[in-house]
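These protein sequence lines map, in sequence, to chains A and B. Reading the first sequence from the start, the letters are residues 1 to 219 in this note's numbering. Reading the second sequence from the start, the letters are residues 1 to 249 in this note's numbering.
Because the hints were derived from the structure by calculation, they are not lab data. Just so we're clear, the structure is a prediction, and the values are computed from it rather than from any experiment. C-beta: ideal position from N, C-alpha, C; glycine also. Don't take every hint at face value.
Each pair of labels, with its calculated beta carbon distance range [what the hints assert, rightly or not]:
id	chain 1	residue 1	chain 2	residue 2	range
1	A	Leu50	B	Leu113	48 to 56 Å
2	B	Ala142	A	Leu82	48 to 56 Å
3	A	Asp85	B	Pro71	21 to 29 Å
Reference excerpt, derived from the structure (chain B facing chain A, CB under 7 Å, subset only) [to be verified]:
id	residue
4	Gly44
5	Asn55
6	Leu57
7	Met88
8	Ser100
9	Leu102
10	Arg110
11	Thr115
12	Pro116
13	Ala118
Think about it this way: if two alpha-carbon atoms lie no more than 25 Å apart in a straight line, the pair counts; the simulated SDA-like pairs of lysine to any residue are [what the hints assert, rightly or not]:
id	chain 1	residue 1	chain 2	residue 2
14	B	Lys99	A	Lys48
15	A	Lys48	B	Lys33
16	B	Lys77	A	Lys213
17	B	Lys33	B	Ile60
18	A	Lys213	A	Val165
For reference, the chains in residue letters:
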Amino acid sequence: MGVGDVIAEFGGVYVSSLLSTWLMTIICFLGGLALGVLVTVMRVSPIKPLRVVGDFYVQLFRNIPTISLLVIFVYALPYLGLLLDYRTCLIACIILVVSSFASENFMSGINAIGVGQIEAARSVGLSFVQIVRLIVIPQALRTTVLPMTNLLIATLLTTAIGSQVPLTPPELTGMVNYVNSRSVAGISAFVVSAICYAGTALVIGYLGNKLDKRVRIVR
Amino acid sequence: MAADNTAIIQMHHVDKHYGELHVLQDINLDVQKGEVVVLIGPSGSGKSTLCRTINRLETIDSGEILFEGKPLPEEGKELAAYRAEIGMVFQSFNLFAHKSILDNVTLGPREVLGTPKAEAEMEAMELLARVGVAEQAHKVPAQLSGGQQQRVAIARSLAMHPKAMLFDEPTSALDPEMINEVLEVMVELAQEGMTMVVVTHEMSFARRVSNRVVFMADGQIMEEGTPDEFFDHPKTERAKDFLDSIRGH
Numbered sequence: 001m002g003v004g005d006v007i008a009e010f011g012g013v014y015v016s017s018l019l020s021t022w023l024m025t026i027i028c029f030l031g032g033l034a035l036g037v038l039v040t041v042m043r044v045s046p047i048k049p050l051r052v053v054g055d056f057y058v059q060l061f062r063n064i065p066t067i068s069l070l071v072i073f074v075y076a077l078p079y080l081g082l083l084l085d086y087r088t089c090l091i092a093c094i095i096l097v098v099s100s101f102a103s104e105n106f107m108s109g110i111n112a113i114g115v116g117q118i119e120a121a122r123s124v125g126l127s128f129v130q131i132v133r134l135i136v137i138p139q140a141l142r143t144t145v146l147p148m149t150n151l152l153i154a155t156l157l158t159t160a161i162g163s164q165v166p167l168t169p170p171e172l173t174g175m176v177n178y179v180n181s182r183s184v185a186g187i188s189a190f191v192v193s194a195i196c197y198a199g200t201a202l203v204i205g206y207l208g209n210k211l212d213k214r215v216r217i218v219r
Numbered sequence: 001m002a003a004d005n006t007a008i009i010q011m012h013h014v015d016k017h018y019g020e021l022h023v024l025q026d027i028n029l030d031v032q033k034g035e036v037v038v039l040i041g042p043s044g045s046g047k048s049t050l051c052r053t054i055n056r057l058e059t060i061d062s063g064e065i066l067f068e069g070k071p072l073p074e075e076g077k078e079l080a081a082y083r084a085e086i087g088m089v090f091q092s093f094n095l096f097a098h099k100s101i102l103d104n105v106t107l108g109p110r111e112v113l114g115t116p117k118a119e120a121e122m123e124a125m126e127l128l129a130r131v132g133v134a135e136q137a138h139k140v141p142a143q144l145s146g147g148q149q150q151r152v153a154i155a156r157s158l159a160m161h162p163k164a165m166l167f168d169e170p171t172s173a174l175d176p177e178m179i180n181e182v183l184e185v186m187v188e189l190a191q192e193g194m195t196m197v198v199v200t201h202e203m204s205f206a207r208r209v210s211n212r213v214v215f216m217a218d219g220q221i222m223e224e225g226t227p228d229e230f231f232d233h234p235k236t237e238r239a240k241d242f243l244d245s246i247r248g249h
């Protein structure tokens with residue numbers, strides 16, 4: 001079966017699996033960013049136990065393969081009485097990993113701000129929460145557009161571990177199994193998925209570059 | 001600008017260490033309302049540290065600092081509210097890089113004092129005009145020269161209607177031709193009766209507008225006096241050496 005045949009026969013399911021991949025990518029990335037902001041605020045807070053927990057969190061989830069985390073979620077959590085469906089497990093795992101990387105990106109963005117602006121903000125009478133909200137987060141977000149673009153692409157590619165659990169509809173990598181268990185498409189099924197990944201990643205990279213140029217802080 | 005006799009800032013037996021280094025040693029200093037006090041001394045003498053303890057950007061190990069007769073708040077909301085009453089101008093300007101010049105000046109009034117946007121912007125424009133950078137209001141800090149940025153930093157402090165202002169080497173990072181434009185703004189402020197503590201190497205400024213010069217070395221106040229007394233008749237050898245060195249003898 002050539003690529004054209006695969007598309008002709010499975011085009012409809014491919015579209016829904018592409019959409020499934022996109023949706024998971026967006027949920028995982030946004031969830032990861034939100035959790036990443038929270039963890040980062042903990043890591044820069046004046047309260048030491050919060051900083052310790054934040055640092056530990058990042059070290060933990062940055063250093064476990066996402067697939068191992070997924071195995072733990074799928075096979076171990078039910079023993080603890082927590083039974084989540086496969087998609088929820090997958091999304092939760094990816095969010096945990098993405099948030100730890102997002103936090104590292106934020107930290108480098110924060111380090112680029114410099115202590116001077118923080119001291120100036122304190123001198124004006126802003127509280128810790130106001131400084132984080134008005135000075136730190138907006139600047140950290142703007143200086144981390146490019147690393148966050150990379151992280152979004154990495155998130156997209158990480159959703160491929162969804163092929164290891166049954167999902168309906170499958171995401172792009174699981175789709176390869178789906179096609180090859182129903183016909184003899186061989187490598188062609190991979191090629192279609194690869195084109196979908198690469199196309200999406202190119203668009204993300206392009207938009208990330210444009211966004212970076214627009215919001216970059218001139219120093 | 002006759003200073004009346006209320007000490008607005010009082011420092012009693014203040015000590016501070018950085019590890020082994022005794023950066024502030026038994027500092028006693030009163031600043032009267034409306035007074036302009038210039039801190040000078042060789043680098044590493046503790047003058048910047050002293051200046052920064054007044055709004056608690058540096059904590060102290062022992063002794064006490066009073067503002068309007070009350071000890072400085074240690075942390076939290078009270079400390080933030082106290083800092084809002086003290087202007088601070090830094091060597092490196094420290095403008096908020098992601099905000100326009102106008103927003104730099106209005107941020108404090110809007111977020112801390114709750115001033116409505118239109119009112120805060122009107123006042124900010126007046127302040128920016130006063131320091132001569134009104135036409136830059138919609139640019140970002142990186143588009144301004146150092147001298148312009150420092151004048152914006154002064155306007156940002158003034159927007160909070162501070163009861164006193166601290167200047168930590170405000171002209172040390174500036175190119176020579178920009179020093180005067182900043183000093184002029186400071187001279188005006190002094191003449192209007194602002195209470196000022198100024199760490200500087202600008203002797204002309206110290207002579208023209210300060211009420212008192214405090215000379216520091218090795219974390220101690222070695223001597224203090226009127227600018228004429230200090231510059232013409234320094235009492236200690238350290239001060240004489242220092243004055244000789246900056247006069248290029």
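Against the structure, the hints come out as follows:
no. : hint                            : verdict
1   : A/Leu50 to B/Leu113: 48 to 56 Å : violated (29 Å)
2   : B/Ala142 to A/Leu82: 48 to 56 Å : holds (51 Å)
3   : A/Asp85 to B/Pro71: 21 to 29 Å  : violated (59 Å)
4   : Gly44                           : violated (19 Å)
5   : Asn55                           : holds (6 Å)
6   : Leu57                           : holds (6 Å)
7   : Met88                           : holds (4 Å)
8   : Ser100                          : violated (12 Å)
9   : Leu102                          : violated (15 Å)
10  : Arg110                          : violated (10 Å)
11  : Thr115                          : violated (13 Å)
12  : Pro116                          : violated (17 Å)
13  : Ala118                          : violated (19 Å)
14  : B/Lys99 to A/Lys48              : violated (30 Å)
15  : A/Lys48 to B/Lys33              : violated (39 Å)
16  : B/Lys77 to A/Lys213             : violated (38 Å)
17  : B/Lys33 to B/Ile60              : holds (23 Å)
18  : A/Lys213 to A/Val165            : violated (39 Å)
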